[in-house]
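Trainee: Here are the chains, one letter per residue:
There are 2 protein chains.
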Amino acid sequence: MAKINRNYLKLPGSYLFSTIGKKVRAYEEQHPDEKVIRMGIGDVTQPIVPAVIAALHEATEEMGKAETFKGYAPDLGYEFLRKTIAEKDFKARGCDIAADEIFVSDGAKCDCSNIQEIFGLDNTIAVCDPVYPVYVDSNVMAGRTGEFDASLGKFERVIYMLCTKENGFCPELPTEVPDLIYLCFPNNPTGSAITKDKLQEWVDYANKNGSVILYDAAYEAYISEDNIPHSIYECEGAKTCAIEFRSFSKTAGFTGLRLGFTVIPKELKVEDVALWDLWARRHGTKYNGAPYIIQKAGEAVYSDAGRAQIKEQIAWYMGNAKILFEGLKDAGYEVSGGVNAPYLWLSTPKGMSSWEFFDHLLETAHVVGTPGVGFGPGGEGYFRLTAFGSRENTIEAVARIKAM
Amino acid sequence: MAKINRNYLKLPGSYLFSTIGKKVRAYEEQHPDEKVIRMGIGDVTQPIVPAVIAALHEATEEMGKAETFKGYAPDLGYEFLRKTIAEKDFKARGCDIAADEIFVSDGAKCDCSNIQEIFGLDNTIAVCDPVYPVYVDSNVMAGRTGEFDASLGKFERVIYMLCTKENGFCPELPTEVPDLIYLCFPNNPTGSAITKDKLQEWVDYANKNGSVILYDAAYEAYISEDNIPHSIYECEGAKTCAIEFRSFSKTAGFTGLRLGFTVIPKELKVEDVALWDLWARRHGTKYNGAPYIIQKAGEAVYSDAGRAQIKEQIAWYMGNAKILFEGLKDAGYEVSGGVNAPYLWLSTPKGMSSWEFFDHLLETAHVVGTPGVGFGPGGEGYFRLTAFGSRENTIEAVARIKAM
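Chains as they are written, first to last, in my numbering: chain A, 1 to 404; chain B, 1 to 404.
One chain only, chain A, in its complex shape:
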């Protein structure tokens, strides 16, 4: 008699964005004449840049000819892409990462959620609170978190590292030492960044304690300030304690193309076993590579034309972020983020809960955001807006919020 994985039943309710989707659909059905502006899900809206489109067409042509057709990709990804990444994302920033320490995948979400598999079920995990829900949920499913305490909004065996306006949305080093530490900077949802000095403290802490840092740098392309590291490998000693996740989704608008990569330095060992070997085994056994044409598209992101076009696109989104930031400030909101990340993080007004403010904003301004509590109990009393909308909608949303 088959048995299900009962850990799945510990997940409370459904995935945050599905719930938001349902609420918005219900509202739209009841108010067919209102134009709802979506600033909830962190999905890009600008088209893929011309240099990447050209690469997609070219690679498609190759797939249609016997002489240039490509079947299964190499396990780690094509070397042309891994070499380019190692060169332009790491060596150019003084990080000594080799091409074969890079594992190309179909996105950071899969990698962030699958990485826990190479660790034992007896590891304790720590997460920023609030944070992108995938880190906790994937560990719940694996059975690493214990039960959910609904009164606290927390799983019993997870270390929640509180991020509030008091600590600048950057957590303190935990007193109870976690085995696995998920860090996400620039942060989703708070939009906060971490300085190189601060991140160095985390690296030192992990090396001292034998913890592994799982560093999600999906938003590094939005960093505008000089003292903010783009990679954890800018810190000394990170190669013996950290895995880094990168994504083309927000960097180059690849949410619908799917491409990302994970960096595992060869010298990173746990119990004398190289984590590189375990992840390579997982890749070889349970994954079959990102499509060739998408990997060619990824390579084009690093071309001179690609970089220039993407830089412009990111600047454009960050223009939205500035409009939101200033508009919300003018309207009297306490707001942060938006400088090194495409997310604005505001304190809900008048002691409203996150979901109360969600409903209020939807009903009054017809603007959809994301309730902070959806990212963890520490997000209660906060609210996320994204800079990924159109310029027109961003300006309109600010005007409506000001008029509330």
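In case anyone wonders, no lab produced these hints; they're calculated from the structure. The structure presented is a predicted model; accordingly, all values stated were derived computationally and were not measured. It is possible that some hints are incorrect.
It does not matter which identical chain is meant; a pair holds if it fits inside one copy or across any two.
[Said to hold, decoys possible] With a straight-line cut-off of 27 Å between C-alpha atoms, the simulated DSS-like cross-links for lysine-lysine are:
no., residue 1, residue 2
1, Lys-22, Lys-83
2, Lys-266, Lys-286
3, Lys-329, Lys-10
4, Lys-35, Lys-286
5, Lys-239, Lys-88
6, Lys-154, Lys-286
7, Lys-402, Lys-286
8, Lys-286, Lys-3
9, Lys-22, Lys-70
10, Lys-154, Lys-329
11, Lys-165, Lys-350
12, Lys-198, Lys-402
13, Lys-10, Lys-286
14, Lys-35, Lys-208
15, Lys-269, Lys-286
16, Lys-3, Lys-208
17, Lys-198, Lys-88
18, Lys-23, Lys-83
Mind docking chain B on chain A? Use the hints.
Mentor: Positioned in the frame of chain A, the structure of chain B alone reads:
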């Protein structure tokens, strides 16, 4: 202090095809003048057909324009593709499968290896022996199989269902009832197919015992005989006991494009929980969908032009299969498969082991095949050749084998 997942260390040696790759590279380095013919890995060689190439170009254009750009795909896959699949793969064959029972993914390998996650660690699994190694390996990694017994070539808690020439490479119903039963028909590596009557016995057995059948139908497009089911849902009662995996890799040459899907009927329940809900939760939390342009390519596979072009391609591969089958018979080999599958399965001559024959074939005929034992202990004494090579190489390989 972080701990690794020690189950990974139970996997003996490295992945079959990596080992073969290393042996072939070593041979080529030592014999730079010999032309090695590869009939080992089951990778296609024919280019993507014109109807699909056209769809890729068209979808690429859409991604480059703001009005038609697509971000994150819907969790289950785009409806245009799911509807087409439900219609053409299932309803057309009398199987009552709805569009929302189809989960689009980046390939059957990922789905086959991830599906075990929604089941508890206390389930016993049964696999055909020999079979595609991913079923066992993914369960080893999860900790469901116990230790490897090197003397038997078996994991202690796996039920191996022997497939030999004596039973026509179709296993008997096991006396010890497994919780999860992996079936793969047409079979990789034996090339054998299962009749509808036989498959019905498995469905009845699973329903009677509360087992779940995990049915890998990746090679269904190669079926040429009438009494062979293309889907397990052609059998009565399969919707309450079976999950089916499908792939575009071998059907339409998508090994380098990556597309597949999994069917979970809504009425399939275990412990009163719909498996559909669990898999949907996994998809939503740990996966982000196949690229839009690849899903459009998948849709084009079902267009009139696409189907005609693909039918021709499959017939061409099966032409290779026939040449191999007849050539091997002429050369005195005992051979099966090649009628409903692109694989030929031969008994090794003169009591040679699979790996001995691998080395012998590589050294004498410079032909690369796959040792049967790489697919499980029951594959010892057998050897796999694939029909995916070029016509020229297939003919040349047969000539060389005859001359051995």
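Trainee: Within a copy, between copies, both or neither: where do Lys-22 and Lys-83 come within 27 Å Cα-Cα?
Mentor: Between copies, since 22 Å is at most 27 Å while 43 Å is not.
Trainee: First find the shortest C-alpha distance between Lys-10 and Lys-286 inside one copy, then the shortest across copies, and answer within, between, both or neither for a cut-off of 27 Å.
Mentor: both (25 Å within a copy, 16 Å between copies)
Trainee: Are the CA atoms of Lys-329 and Lys-10 at most 27 Å apart within a copy, between copies, both, or neither?
Mentor: neither (39 Å within a copy, 57 Å between copies)
Trainee: Which holds for Lys-286 with Lys-3 at a C-alpha limit of 27 Å: within a copy, between copies, both or neither?
Mentor: both (22 Å within a copy, 21 Å between copies)
Trainee: At most 27 Å between alpha carbons: which applies to Lys-198 and Lys-88, within, between, both or neither?
Mentor: So Lys-198 and Lys-88 pass the 27 Å test inside one copy only (24 Å; across, 57 Å).
Trainee: Is it within, between, both, or neither for Lys-266 and Lys-286, if the alpha carbons may be no more than 27 Å apart?
Mentor: Cα proximity of Lys-266 and Lys-286: in one copy and across copies (21 Å, 26 Å).
Trainee: Measure nothing new, just compare the shortest in-copy and cross-copy C-alpha distances for Lys-198 and Lys-402 to 27 Å and report within, between, both or neither.
Mentor: Close neither inside one copy (36 Å) nor across copies (69 Å); limit 27 Å.
Trainee: Under a CA distance limit of 27 Å, which applies to Lys-22 and Lys-70: within one copy, between copies, both, or neither?
Mentor: between (41 Å within a copy, 20 Å between copies)
Trainee: Regarding Lys-269 and Lys-286, is the shortest C-alpha distance of 27 Å or less found within a copy, between copies, in both, or in neither?
Mentor: The answer is both: 22 Å in one copy and 25 Å across copies each meet 27 Å.
Trainee: Given identical chains, is Lys-35 near Lys-286, meaning Cα to Cα at most 27 Å, within a copy, between copies, both, or neither?
Mentor: Neither. Shortest intra-copy (44 Å) and inter-copy (32 Å) distances fail the 27 Å Cα cut-off.
Trainee: Using 27 Å as the alpha-carbon threshold, which applies to Lys-3 and Lys-208: within, between, both, or neither?
Mentor: between (41 Å within a copy, 15 Å between copies)
Trainee: With identical chains, the pair Lys-165 and Lys-350 could be close in the same copy or across copies; at 27 Å between alpha carbons, which is it: within, between, both, or neither?
Mentor: within (17 Å within a copy, 76 Å between copies)
Of the hints listed earlier, those the structure fails to meet are numbers 3, 4, 7, 10, 12, 14, in rising order.
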